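Participant: What follows is the residue order along each chain.
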Amino acid sequence: MRSEKKIKSVSYAKWGYIFILPFFLTYAVFSVIPLVDTIRNSFFEYYYSGLKAIGPNWVGLANYAELLSADLPKYAWNTFVMWILGFVPQIVVALVLASWFTDARLKIRGKQFFKVVIYLPNLIMASAFAMLFFALFSNSGPVNNILLSMGVVGEAIRFMESTFGARTLVALMNFLMWFGNTTIMLMAAIMGINPSVFEAAELDGCTHLQKFFKITLPQIKPLLTYTLITSLIGGLQMFDVPQILTGGQGSPDRTTMTLIMYLNNHLQAKNYGMAGALSVFLFIISGILCWIVFRMNTDPDPDGSKFAAKRARKGGRAS
Amino acid sequence: MKNKKINGRSILAHAVLIILAFMCLFFFYILIINATRSHAQLQLGFSALPGSSLITNFLNVINDPAIPILKGIQNSLIVSGCCAAIVTYFSALTAYGIYAYNFKLKNAAFTFIMAILVMPTQVTALGFLRLITNMGMDDSLLPLIIPSVASPAVFYFMHSYMQSSLPKELIEAARIDGSGEFGTFNRIVMPIMKPAIAVQAIFTFVGSWNNYFIPALVITSKSKQTLPIMIATLRGADYMNFDMGKIYMMITIAIVPIIIIYLLLSKFIVEGVTLGGVKE
Chain A
55 MRSEKKIKSV SYAKWGYIFI LPFFLTYAVF SVIPLVDTIR NSFFEYYYSG
105 LKAIGPNWVG LANYAELLSA DLPKYAWNTF VMWILGFVPQ IVVALVLASW
155 FTDARLKIRG KQFFKVVIYL PNLIMASAFA MLFFALFSNS GPVNNILLSM
205 GVVGEAIRFM ESTFGARTLV ALMNFLMWFG NTTIMLMAAI MGINPSVFEA
255 AELDGCTHLQ KFFKITLPQI KPLLTYTLIT SLIGGLQMFD VPQILTGGQG
305 SPDRTTMTLI MYLNNHLQAK NYGMAGALSV FLFIISGILC WIVFRMNTDP
355 DPDGSKFAAK RARKGGRAS
Chain B
3 MKNKKINGRS ILAHAVLIIL AFMCLFFFYI LIINATRSHA QLQLGFSALP
53 GSSLITNFLN VINDPAIPIL KGIQNSLIVS GCCAAIVTYF SALTAYGIYA
103 YNFKLKNAAF TFIMAILVMP TQVTALGFLR LITNMGMDDS LLPLIIPSVA
153 SPAVFYFMHS YMQSSLPKEL IEAARIDGSG EFGTFNRIVM PIMKPAIAVQ
203 AIFTFVGSWN NYFIPALVIT SKSKQTLPIM IATLRGADYM NFDMGKIYMM
253 ITIAIVPIII IYLLLSKFIV EGVTLGGVKE
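In order, the protein sequence lines correspond to chains A and B.
Anchor point for the first sequence: position 119 equals 173 in my numbering, and the numbering is continuous, going up by one each time.
Anchor point for the second sequence: position 166 equals 168 in my numbering, and the numbering is continuous, going up by one each time.
Derived by calculation from the structure, the hints in this document are not laboratory data.
Fair warning: this is a prediction, and the values are worked out from it, not measured in the lab.
Possibly wrong hints are sitting among the right ones.
Dumping the calculated DSSO-like pairs for lysine-lysine here, alpha-carbon to alpha-carbon at most 30 Å [as the list claims (entries may be wrong)]:
#1 A:275 / B:196
#2 B:224 / A:106
#3 A:324 / B:224
#4 B:196 / A:68
#5 B:170 / A:68
#6 B:196 / A:165
#7 B:108 / A:68
#8 A:161 / B:226
#9 A:68 / B:106
#10 A:106 / B:226
#11 A:161 / A:275
#12 A:324 / B:170
#13 B:224 / A:275
Could you build the full structure based on these sequences and the hints that come with them?
Facilitator: So this is what it looks like as C-alpha cells:
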C-alpha cells in the first residue's frame with residue numbers, strides 16, 4: 055500500500071488513474087520504448103549485408119544527411135500530392151452528402167441504400183482493392199476493354215505508365231474508400247445538432263446555404279477536425295494502395311513511391327540506421343501536423359482576425 | 003416557388019447520389035462477374051454477363067496449397083475481432099477515467115493523448131519490430147492485437163461523445179444507489195456509449211482487417227498470414243502467368259466476410275447515429 059494523503063470526503067481520484075493505466079502502460083511499452091530505440095538507431099550505421107551485420111557504428115547525423123540528399127523530398131511530395139488529390143473531393147462530397155441526408159425537408163428516396171453503398175468501398179481491404187484496380191486498369195484489362203468497345207479511345211490507355219495516371223488512380227481509390235466513411239461520421243455530428251436551432255433558423259427565413267454555413271459547419275467543427283486528423287494520419291501512412299498497385303516499385307519512375315513505402319524498403323532490407331533516420335523524419339512531420347491539428351482543435355480565433363491584429367501590431371502599425 | 007426550389011435540389015441530390023453509387027458498385031460488379039469467368043473467357047475481353055466458372059474458380063482457390071486462404075480468413079477474423087473489442091472497451095475506459103474523475107494528472111494525461119493523436123504507428127515500426135523480437139512475440143498474432151489498447155484517435159472520439167451524451171449527474175446517481183466504479187462503467191456508461199462503440203468498432207475492425215504494413219513485417223510463416231499479406235503475394239512477379247479467374251475469386255473471397263459483418267452491423271450504426279441525437 056502506498057501512503058497517500060487521506061482526505062476526509064471520499065476521493066475517487068485513484069479510479070481515474072486505474073482507468074487510464076492500461077492505455078498508458080500499453081503506450082509506454084509498445085510506442086515509447088520503440089520510439090526511443092528507433093531514434094537511437096538513427097544515429098548508427100547498422101545494416102545487413104547478406105547475413106552479416108555491419109555495425110552498429112556511431113555515425114551521428116550521416117544517415118539524415120544521406121536521406122535528405124537522396125530521395126526523401128521527392129517521396130514526401132508524392133505522398134502529399136496523392137493525399138490532397140483524394141482528400142479534397144472526399145471532404146467536399148462528404149459534407150454535401152451529409153447535409154443532404156440530414157435535411158428533413160429534402161426527402162431522399164432509398165436513403166438507407168445510398169448510405170450502405172457509399173460506405174461499402176471503405177470495407178474493402180486496401181490491398182485487395184488495389185489488386186482489383188491493378189487488374190481492372192491494366193493495359194488489356196476490363197476498363198480498357200470497355201472504353202475500346204465503346205469507341206471512347208482508339209487504343210488502350212496505359213493508366214499505370216504515366217505519373218498523372220498512376221497518381222490519379224491512387225487518389226481515386228483513396229477517395230472512393232473514404233468519402234462514405236466521412237459522410238457517415240459527419241452525419242452523426244449534424245444529427246447531434248439540436249433540431250430546434252434549424253427550426254428557429256427556418257422561421258427566421260434562413261436559406262439552405264445560410265443554414266449550412268452558419269449553423270451546420272460551426273456546430274460540427276469538432277468532428278471536422280477529427281476527420282482531418284484521421285485523414286492526415288491516413289495520408290501520411292499511405293502505403294497499401296500504391297505498394298500493391300505498383301508492386302512496391304512506385305512506378306513510373308518512383309513518382310508514386312510514398313514515405314512509408316520507402317520506410318518499408320529499408321525495414322525489409324534490415325537497414326536499421328536508415329530506417330531509423332527516416333522514422334525520425336516521419337516523427338517530425340507527424341509532430342508538425344499534430345501541432346497544427348492540436349491548435350485548430352483548441353483555436354479560439356477561427357476566422358484569423360486576432361492573428362491579423364497581432365501581425366499588424368508586430369509590424370508596428372495599428373490598422 | 004419554394005416547392006420548385008426544393009424539387010430542383012432534390013433532383014440534383016438524387017442525380018449525384020446515383021452517380022456516386024454507380025462509381026462505388028461498378029468496380030465490384032466487374033469483380034464479381036469476372037470471378038465467375040474462366041481464365042480463357044477473361045482473355046477474350048470484358049463481358050457484362052457472368053460466366054460459368056464460379057465453382058471451378060472457388061475450388062481452385064480453396065485447394066491451392068500455396069495460398070491457404072481459409073487459414074488467412076481465420077487469422078484476419080481473430081485479429082480484427084479482438085482489436086475491435088479491445089479498442090472500443092479500453093478507449094471508452096480511458097475516456098471515462100479522464101471525463102468522470104478529477105485527479106492531479108488529468109489534464110496532463112488528456113493533453114498527452116491529444117498530442118499523440120496524429121502519431122502514426124509506422125513511425126515506431128523499427129523499434130516495435132525489434133522489441134517484439136526481443137519479447138519472443140515475432141511471427142505471432144499477439145503483437146497485432148495488444149497495442150490497440152492504446153488508440154488515441156478512438157479515445158478522442160469516445161471522450162467527445164461522453165461530453166455530449168454522458169451527464170455527470172448520472173454517475174453521481176449511480177454512486178448514491180451504491181454502484182461500484184467499475185460496475186457503473188460496465189453497466190451504465192457502456193450502454194450509453196453504444197452508438198459510439200458501434201461506429202468505432204466497425205471503423206477499427208475495418209482498419210485492422212485492412213492493415214497490411216505492420217502484419218507484413220511481423221508475420222513470416224505462411225500459417226499466420228492475414229488476408230492482406232496473401233492478396234499482396236498475388237501481385238508477385240508471375241502475375242501474368244496467373245489464372246486471372248483465380249485472382250478475381252481470391253479478391254472476392256477476401257471481401258465477402260467483411261461485407262456480411264457490415265450488413266449485420268450497419269443497422270447498429272444508423273440506430274446509434276439517431277440515438278446519439280436524443281438528449282436532455
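Participant: Would you mind marking each hint as holding or not holding in the structure?
Facilitator: Each hint tested on the structure:
1. Between residue 275 of chain A and residue 196 of chain B the alpha-carbon distance is near 23 Å, which keeps this suggested pair within the 30 Å criterion.
2. Between residue 224 of chain B and residue 106 of chain A the CA atoms are separated by roughly 26 Å; this keeps the pair inside 30 Å, and the hint holds.
3. Between residue 324 of chain A and residue 224 of chain B the alpha-carbon distance is near 20 Å, which keeps this suggested pair within the 30 Å criterion.
4. Taking the CA atoms of residue 196 of chain B and residue 68 of chain A, the gap is near 26 Å; set against the 30 Å cutoff, the hint holds.
5. For the proposed pair residue 170 of chain B and residue 68 of chain A, the alpha carbon gap of about 18 Å is at most 30 Å, so the pair holds.
6. Restraint check: the Cα-Cα separation between residue 196 of chain B and residue 165 of chain A comes to about 23 Å, which is no more than 30 Å; the hinted pair holds.
7. A hinted pair counts as satisfied when its Cα atoms are at most 30 Å apart, and residue 108 of chain B with residue 68 of chain A qualifies at roughly 11 Å.
8. Annotation: proposed proximity of residue 161 of chain A to residue 226 of chain B is violated, straight-line Cα distance about 49 Å (limit 30 Å).
9. For the hint pairing residue 68 of chain A with residue 106 of chain B, the CA-to-CA distance comes to about 10 Å; that is within 30 Å, so the pair holds.
10. Between the alpha carbons of residue 106 of chain A and residue 226 of chain B the distance comes to roughly 27 Å, so the proposed pair stays at or under 30 Å and holds.
11. Note on residue 161 of chain A and residue 275 of chain A: the hinted pairing holds, with a Cα-Cα distance of about 25 Å set against a maximum of 30 Å.
12. Taken as a hint, the residue 324 of chain A and residue 170 of chain B pair is broken in the structure, with Cα atoms around 51 Å apart against an allowance of 30 Å.
13. Straight-line distance between C-alpha atoms of residue 224 of chain B and residue 275 of chain A comes to about 45 Å, which puts the hinted pair past the 30 Å bound.
Consistency note: the structure conflicts with the earlier hints numbered 8, 12, 13.
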